[in-house]
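These protein sequence lines are chains A and B, in that order.
Counting in our numbering, the first sequence runs from 1 upward without gaps.
Counting in our numbering, the second sequence runs from 1001 upward without gaps.
Just so you know, these hints were derived from the structure itself, not from any lab.
Predicted model, so just to flag it, every value in this text is computed and none were measured.
The beta carbon of each residue, even a glycine, is placed where N, CA and C say it ideally should be.
Treat the hints with caution; some may be incorrect.
[As the list claims (entries may be wrong)] To give an idea of the chain B side of the interface with chain A (calculated C-beta under 7 Å), a few residues:
1) VAL1182
2) LEU1337
3) ALA1380
4) THR1544
5) ALA1547
6) LYS1548
Read off the chains here:
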Amino acid sequence: MNESVSRRRFLSRGAAGLSAVWASAHWPALLAAATHARHAAQAATPAKFEFFTPEEAREIDDITSRIIPSDDTPGAHEAGVVYFIDRGLTTFAVTDQKTYRQGLPELQARVAEMFPRVSKFSALTPDQQDQVLHSFDDSGQQGQRQGRLRSRPGAGSFFETVRQHTVMGFLIDPDFGGNHDGVGWKVIGREREHMFQAPFGYYDKSYPGWESAVKEAEKK
Amino acid sequence: MTVDQPKYKTSDEVDFVVIGSGAAGGILAKELSTNGFRVVVLEQGPYLTEADFTHNEVKVLNENLLTNHPQLQPTSFRKTPDEKAKPQRALVYGRCVGGTSVHFTANLWRFHEIDFMERSKVGAVPGATLADWPITYADLEPYYTKVEWDMGVSGLGDASPFDPPRSKPYPMPPLPVKSSGVLFERAARKLGWHPFPAPMGILSQPRPGRSACVQCGYCLGFGCEVGAKSSSLAAAIRVAEHTGRCEIRPNSYVHKIELAASGRVVGAVYFDDKRNTHLQKAKAVVVCANGAETPRLLLLSANKQFPDGLANSSGLVGKNLMFNTYGSVTGVYDQPLNDYKGYCVSRVLHDFYELDHEKVGFYGGGGLDARYTFTPVSFAFGGMPPDTPRWGKDFKAALARNFSRTMEVAAHGTSLPVENNSFSLDPELKDAWGLPALRMTYKDHPDDLKLTNWLFERAHEVHEAAGAVKKWGYPAQEQQFGVHLLGTCRMGNDAKTSVINTDHRTHDVKNLFLCDGSSLVTSGRGQPTMTIMALAFRAADCITTLAKRGEINA
């Protein structure tokens, strides 16, 4: 047994990002969703969505792409996160269906409020999309915007749920069918090996060994 | 499941029933069966092996593959006895064959002399029930050595000037240093402190049937897939099974210890996986169910002779709960450390093991170590500086930059025993089997919080001296969650102020023994498992001696 709070924090870090649904016993379905996401992202012809309409999927894909954007490295889009969420909503995250069903219209309503000439989120420029999402974000980032906008109950939890699902779908272990081609791990610099050998990183590469390090220290 | 296991009938009166198969139970099973006794181990969790272990963090961490299930086994929490406890997840422990030793980080520090005699040295601490142990470091030293050699501990004996005396070197050299360890070592030396290679219950060299560590990076929270971690599963249970005298019976949830009119226990009552009830008969019962479930089981076993709980004439069963204090500071560095690779902790220091309480103004002491405890997903949700955006381009950039460049400096320290801090039975909340749930009462002694903050400052200094680009942490908060579950059936010579004697025998019942975190009188400096394992080896010797002299069943 070890490190009381470290262990607690470790567990809560995992749990913090996951709704109660995630914590319940849905792993086989989660695994299937991840595998599905990988195959879907690999397929030449787009896979069929199970929960989202193609139009909705387009919107969700765009939201996930603002949460983890594609720039000089792959983002949520390349990791197939929308497929991961779509499968999830019919399996391990069934109870989040309502959050998505109610959240999407709220999102579109907010778009209309902020950009009257545009009909949907996916038609906005990325900067405009960010503005809309910031207006939803509970965390207070650019929260001042919310002052002049109509309160939209539930929209904040919708955004938070998508945010969590996106991060999960992007960074889940690809060995278990997660992020497509391990692109998430490539982005963060996590090598996809099951075993490693020293030296592990920059600072231990030049370590002279314990005895020499002790002698060096004694000289000083 | 492996070879040679006997199948005892519940009506067979075996020599010992051992309840729990973790750090203590696994070792007691091994030692007692090796010494010729017939043993049944009742483990509430499943029998998983290396083939069942996985790096799948959702399955392991979120779905509790290896640990207690909050849905089936709810708990409640309150700060003081005058409050009504609220349902709240209050603890984590291993719930599988091997117990918590399956998923622990494997820091195996010995306690030092001071841990056994601190009350005499520092005097009474107001608000605490600090007591000396009835045994000394010298009594336990041979058993610490036994843990190192029998279970397998990697380390370097003379590396810390603060180490207590040892009769033998470590059986194998330390594991290779990590970048976090190098940064920690250099910084600590710069500060005039004495870092040393962490003693780890992880093999740096292979042993029969067990691989050396392959540095996969999944220690904390996960089961070792190659048997390198010195869990009781990898290092003790299998030896017990090979004696041909020990049966490991998983999915067996003991909820009562049966007492006969003679005042002797006759066996353990448990639910099997179909919730059928059985009584396994035995000449003696050894409870190793951890610092929460051991007192709970005694309280659940209340009867006419012991209306307040079996072996609870002292009223101390479940009391004096200690967790160890913990604080950590996270830092980001210029170059990649890649600390996600490999085992968790490679350097430790014990310069603050014993603080001068008159000088610092509080009781206690602790150790610092360098570590990395994240998986990619947990890192994204909890490993980045507090001012990092939660999404978008800058979030992604921070994730990409920091994941490989982050390490933590953790501070582990003493918890003072406080009588009100306890495990008891919740009067309302029930588990999935209809039994009273665990209720935890805990409020940190003020000195524990002062100590945490003091050590926290030292952790900041390490990052500072190591040249961290950025560092942050969170000051001490009152704890509401336990992992180290210690002190709840403490050892002592006086039946009025302790639950077990130095043989681990309960003062009240001659053929009932307890050995696990509950036996500890003081909390040590943050790493109790080494001492729990050493106590188990020692308890096995004591119990064997008593049995051979005919003093258990006389």
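Hint-by-hint comparison with the structure:
1. VAL1182: holds (4 Å)
2. LEU1337: Result: holds, 4 Å to nearest chain A Cβ.
3. ALA1380: With Cβ-Cβ at 5 Å, under 7 Å, it holds.
4. THR1544: violated (26 Å)
5. ALA1547: Since chain A brings no Cβ nearer than about 28 Å to ALA1547/B, farther than 7 Å, the hint is violated.
6. LYS1548: Constraint on LYS1548/B not satisfied, violated at 32 Å.
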